[in-house]
Structure formats: C-alpha cells, structure tokens
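2 protein chains.
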Amino acid sequence: MQNFTFHNPTKIFFGKGQIKKRVGTETAKYGKKALFVYGQQSVKKNGVYNQVVDALKESGVAFVEWPGVKSNPVLSHVEAGIELACKENVDVILGVGGGSVIDSAKAIAAGVKANHSVWDFFTFAQPVRDALPILAVATVSASASEMNNGTVLTKEDCCHKFGIASPLFQPKVSVLDPTTLFSLDKKYSAYSSIDAIAHMLEAYLNTPVASPVLQDRLHEGLIKTIIESTDIVMKQPDNYEARANIMWSSVVGFNGITTAGMGFSAFPAHMIEHALSALYDIAHGAGLSIVLPAWMSWALENKKERMARFAREVFGVKENDPLQAAREGVGQLKSWFSSLGAPVSLKEANIPADDIAKIAANALNNAQMWKMTNYTKEVISEILTIGQ
Amino acid sequence: MQNFTFHNPTKIFFGKGQIKKRVGTETAKYGKKALFVYGQQSVKKNGVYNQVVDALKESGVAFVEWPGVKSNPVLSHVEAGIELACKENVDVILGVGGGSVIDSAKAIAAGVKANHSVWDFFTFAQPVRDALPILAVATVSASASEMNNGTVLTKEDCCHKFGIASPLFQPKVSVLDPTTLFSLDKKYSAYSSIDAIAHMLEAYLNTPVASPVLQDRLHEGLIKTIIESTDIVMKQPDNYEARANIMWSSVVGFNGITTAGMGFSAFPAHMIEHALSALYDIAHGAGLSIVLPAWMSWALENKKERMARFAREVFGVKENDPLQAAREGVGQLKSWFSSLGAPVSLKEANIPADDIAKIAANALNNAQMWKMTNYTKEVISEILTIGQ
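These protein sequence lines are chains A and B, in that order.
Per our numbering, the very first residue in the first sequence carries number 1; after that it's consecutive.
Per our numbering, the very first residue in the second sequence carries number 1; after that it's consecutive.
If you're looking for bench data, these hints aren't it; they were derived computationally from the structure.
Some clues are possibly wrong.
Straight-line Cα separation of at most 20 Å, SDA-like style, residue types lysine to any residue; simulated pairs [stated by the list, open to error]: (1) B:K318 x A:E313; (2) B:K224 x A:S345; (3) B:K29 x A:D130; (4) A:K303 x A:N374; (5) A:K224 x B:S211; (6) B:K21 x A:T5; (7) B:K29 x A:P167; (8) A:K16 x B:K11; (9) A:K172 x B:A210; (10) B:K172 x A:F264; (11) A:K11 x B:G263; (12) B:K318 x A:G316; (13) B:K11 x A:N302; (14) B:K16 x A:P208; (15) B:K29 x A:H7; (16) B:K172 x A:T5; (17) A:K16 x B:F264; (18) A:K16 x B:A210; (19) B:K16 x A:N374; (20) B:K11 x A:G150; (21) A:K172 x B:S211; (22) A:K11 x B:A210; (23) A:K29 x B:D130; (24) B:K11 x A:P167.
Only some residues are given here: those of chain A computed to face chain B with a beta carbon under 8 Å [said to hold, decoys possible]: (25) N3; (26) G15; (27) K16; (28) Q18.
Virtual Cβ for every residue (Gly too), placed ideally from N, Cα, C.
Start from the sequences and build out the full structure, keeping to the hints where you can.
Shown next as structure tokens:
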C-alpha cells in the first residue's frame, strides 16, 4: 500500500424524494443567489427541473438559469456562464445534470474568481486558488463528478479536451435520486455504466502497486454490481434497486475511497478517448467502449496477471493460463459492451480508419499533459488500429 | 437500497512517516494549545509519543498531556480530562492511541463545551451541541473511531458502557501509520481484527434490507482481507502490507461508506459485549470473540440465508443447504477466532456461568438504550448460555 491522503467532504443525500427535500435548504446554507446550470431538455421532461425550482423557491434562494450544457462540455459555454454569474452576482453554483453539467458548474465556480481565462486552469498555466461553493444534483451516473474533485472541459477551436482536479471542485453537497435515471434511454444508460466501469478498470489495471488485494476486491465488487444492474435496467428502466446500485457504485468507485493506497494510475483509455470526443460528436462512454477493449488487447501481454484476475473475479473465467484468461476477460468485456448496443470499433461509430493519425496527434496532447511519456503517437496509433 | 445521508469529512493521512510530517501542521490549523490524550506506556515504547511531541513542538503548538486512558475508557478519567482541558484553556483535542483513547478525546471535546455532566450525552439526556476540534493518531485498528462519529464510555459505579454518535465527534484529521501497529502484541492484534470484523458482520447480518448485494460485496472483500492479513501478522508482526491492509480495511469497514443504503442495523453482539467489558476486565475484542459466534448460533435459523452467503463468500463453504452452510460458516469463524488465541466461551475468559443473569441484566440496559426491544433478559441469557 502506498502512502495517501484521503479527504472527501462532500455530503451526499441519496434516495427518493431527496431533491425536493434537500436542494433548497442545502443551497441556502451556501448562498443567497444561485447559478442554476443544466443541460438540454431532459431535466424538464423528467420533472427534475420543477423539483429544483420548487425547492429553491421554498427556501428563498434566488437563482439565474444557465441551460444548454452539452455532452463533452465546451469552453465557450463555460465562459458565457462565468460572465452571467459575475453580472448577476451569484454566490453559489448549482449543477443539475450529468457529469458534463457538474463539470461545467465546477469550471464556472472557479472561473468567477479568476482574473484570467478559465482555460488557463486546464493547461496548468494557473492553479485553482478560489471558487464559489458548488452543489450538484446528479441525473446521470458515470463521471462521479458529484463526489469528486475533477472536471473536464473541451476547447472547441483547437479540439482539446483536458481534465484537472482541485479540492475546490469538490461539491459541498450532492443529491442523488435514482428515480431521475428512470428516463435515461438505453443508449445513455449503457454509456454511463461503461464510463463508470472504465474509471475503475483503468485504476485497477494501471496501478503501480504490485498486489493491491483490498482495492482489487472493492473494485471487483463494484464492477460486478454495475454489470448485473445495467443488464436489469436494459429491460426494466424503472427498476429502482438496479438504478440505485448503479448510481451509488459509480460514485463509490471513483470518489477516491477504492483507489486510496494504489498510488497514481495512468488512464490511457481516457487519454485516447478524450481525443475521440474532442474531435467527433461521440459520447464519452461510447468512445471508451471502443478504446478500452482496444487498449486492453494492446496491453494484454504486459498486464496479463492483472487482467487474468479481472477475468476470473468479474466474469468467472476458469482458464488457468494468465494470458489466455486475460484474453477471455477482454473478450467478455467487449461482448458485454456490444450486448448493450455500444460501439466497440471506430467503424461502428462511423469514424474512418484514415483519421487514426489525426486522432493520435490529438491524444498526444493529453498524453503530454498527463505526463504519460510512454504513449507516443506511434503507440496511440497502434492501439487505435486494434480498435478500428 | 434505503435512503441515506453520507458525510465523512475526516481528512486521512495514511502511511509511513505521516505522524512526524502531519500532526504538528494539522493540529496548528485548529488550535494553539492541545490536550494530548493518550493511554499507558505503549506510545512511549513504540516511539509514537516522541514523534507527536516533536511534531507539535516544530509547529509551535503548545500542549498539555492527559495520559492514562485504559481499554474500555471510564467516565472518571474523561471528567478529570475535561477539568484539565478547561483549566488549561486548550482549544483542540489530540487523541493518540486506539479506540479507547480517541473515544475519550471525543468525550472530552464535547464535555469542555457542556454545562452539565458529560455522561448526560451518553444517556441521551442531552444532545451534543458543540465540541472542540478533534484530531487523532491511530495506533490500534479496531474501532474506526479515527474516521467515524461514534464514542463509547463506561460509567464505573453503575457498570454502564454506552455508545453515542454526533457529527461533532468526527475527527477533523486522522493520521494512520501502519508501522505503529508493529509493536502490538499477538493478543491485541487478534482482538483488534475481531472487533473490526464484528462491526462489519453485525451490519451485514442485521440489515433490514433484503438483498444489499453491493454492500455485501464490499463487506466480504474487507473481511477476507482482514482475515488473511491477520494470519500474516500473527507470524510477521512487522509485515507492512498486512498491517496496512488491516489498518485501512478496519476504517473503510466502519466509516459509513460500506453501510450506506443498508438502513439501521442492530448490533446485538456489541450490545451484549458492552455488558461483559463493563463488568469484567476483558478487552472488547475478546468479549466479541465470545459473544459474536454465540449470537450467530442463536440466530442461525432466522438468518440462515445471510449467514450462508457469508460462509460461502468469506470461507468458501460449498454446502448447498443454507442452514448447514450457515452453521459451517459460524464454525469456521469461531475456529479462526480460536486459532488467534482469542476466547470463544465465557469459561475461556474465566467468567463463571453463574454470572449470566447479572450480565444479561446489565446488557438489558444497552438493549433498552438502543431500542432493541426484542432482546429481553431471557433472550440475552439464552445467547450467553450458548457462549458459556
């Protein structure tokens, strides 16, 4: 076990009816006027918008709406949000949506306090020194942004999708009501679960710790639970237990508790996927569904022992030979992604193989930013070729 | 999954060298003068005392020592500590030791701010309204008091051992250095692990949730890890990985993350054990080693499905019949406790069977305090008779 610091002060209210009950009273503890950040129409369709508005009004919290966050949130929208937040003099940011919305809320919260471009945080040109308090209502379960300190943003003109972390990005409070996931369609339910599993699997497979048995067991338990529960929601979108298991597992799996002691894990599939969703209109989970199995196949020999453990513990693979077991595990994961209707090749996502060099060039920026020096353009191209 | 609130803001510094590096700088963030609470001689023998003193001095934190906390900490010592803390005008409490020390530090922190007896908190006569900030250095891994909001205290004259919880008892910072466990003898290493497992197993077996698969998996992973690691430290007391696994597993298993969504679980073995350690000079873990298997045998029929799952997942029991599998699981757990040298009957702890009525009468106070109304004096006697 490596030395670590663990600090996750986000207060979680989980369950049915929590939005109406908590959002107003909790937001009122942090400010008088909120910037209410959300996405497109889904929060209006599923009733979450009304619950939030009612709760804020009941608690006497004034608010300004900032809708329109898209998947893979973009700098220009965040910049306009910062301008609005400053003009309206809001003192708290409330993000209501999936990871894209909550990540945008975080970037706006820090941007309001900065006298430079918010993008400077994402290039590490400036550290995050201050931020408005952030609260979140999660309506998609994937990024765990609702209980971690990360945020990801895309700069459109150069197609760079970068991620950063700061204790100031940790939401003060997050409200998680599994019934908000009922209206999530099959495709996004699948992508969300794939994203949540990818976070865990990247840590699990890339840890520098030789044999992190405790953390392995926690990850395996969470991944198995997400797989089983996702299979249920594919057939029963309003199965509360299954949605609740996914909602809580995705948070526990990426809030720092399961990785504590594992040291710094590189996230190569995320590094490459960020290039895909920076360049194409593809959901992050769909991109991971292509890149993760491709990267696993590429890394098979090198990571055979860990992948074999994954195959045995999660998919019940019986094979004794580590390399063969690892190969079967990758095959099972890929088949499972396919069974959910997620793409497992560039072709299935209508991304031409001719673009591999361009994607690799973009991903290389992420590799350099994240100090993953062994991922050259050639290596990235090789991985993408496996997943073409 | 039941609705829940999860909030655990304790900041953890884990690993070798963390005491010297963190205790001074972190304590200085919360006060200028600390009450340094510790136990008997062990922290002096293992060097932790010196590390703490050096760290406080380096950071310019003044401190008053309050040594002498015993296992199963007592009211009179806490009251004297409160008096000292008030007289010396300390503004922060630092507990350095096992659960007894940290629990005492918590009671003192609240007692300083109260205008009534600190015992009134433990009888629920008064709520905890305020407390000095608490920091902890854990040197025994059992209670997880270093990362939870509970504290347990014994009132000597009436032999009542009561436990309470408050967000104000949550340590601001806890430092966990597995090397501090190297000097823990076999007996206390065993008792600590038994206590940590008992916390998880009581929640696991008594949850009102029908099928908490996610939480089951987390608990099973943690319990298996503690069992394996304890077997290692019995032979190699200075095995860092094993001590680190025990130290972190015992905290993760009782800091609220694994039980979130499981609803309120009664803790019958703890309820009965508190009577044992209130009446006799017996370590809490040794008491649990007697009571937990006895309670499990008593509850076998009623809890057969959950105990069978435990038996299969933790001990690899292959038996199909749930009752038989459950019975084998209890047998395996009891044998494992025995293999560590822990007592598994009252007789082995030199507690006469003739005292069962007296113990049951004492335990009944706990049962009433914790609203466990189905545990009558007769039921408690029956359980103790199984464990006699």
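Structure-inconsistent hints, enumerated in ascending order | Violated hints (numbers, rising): 2, 8, 9, 10, 13, 19, 21, 22; every other hint is consistent with the structure.
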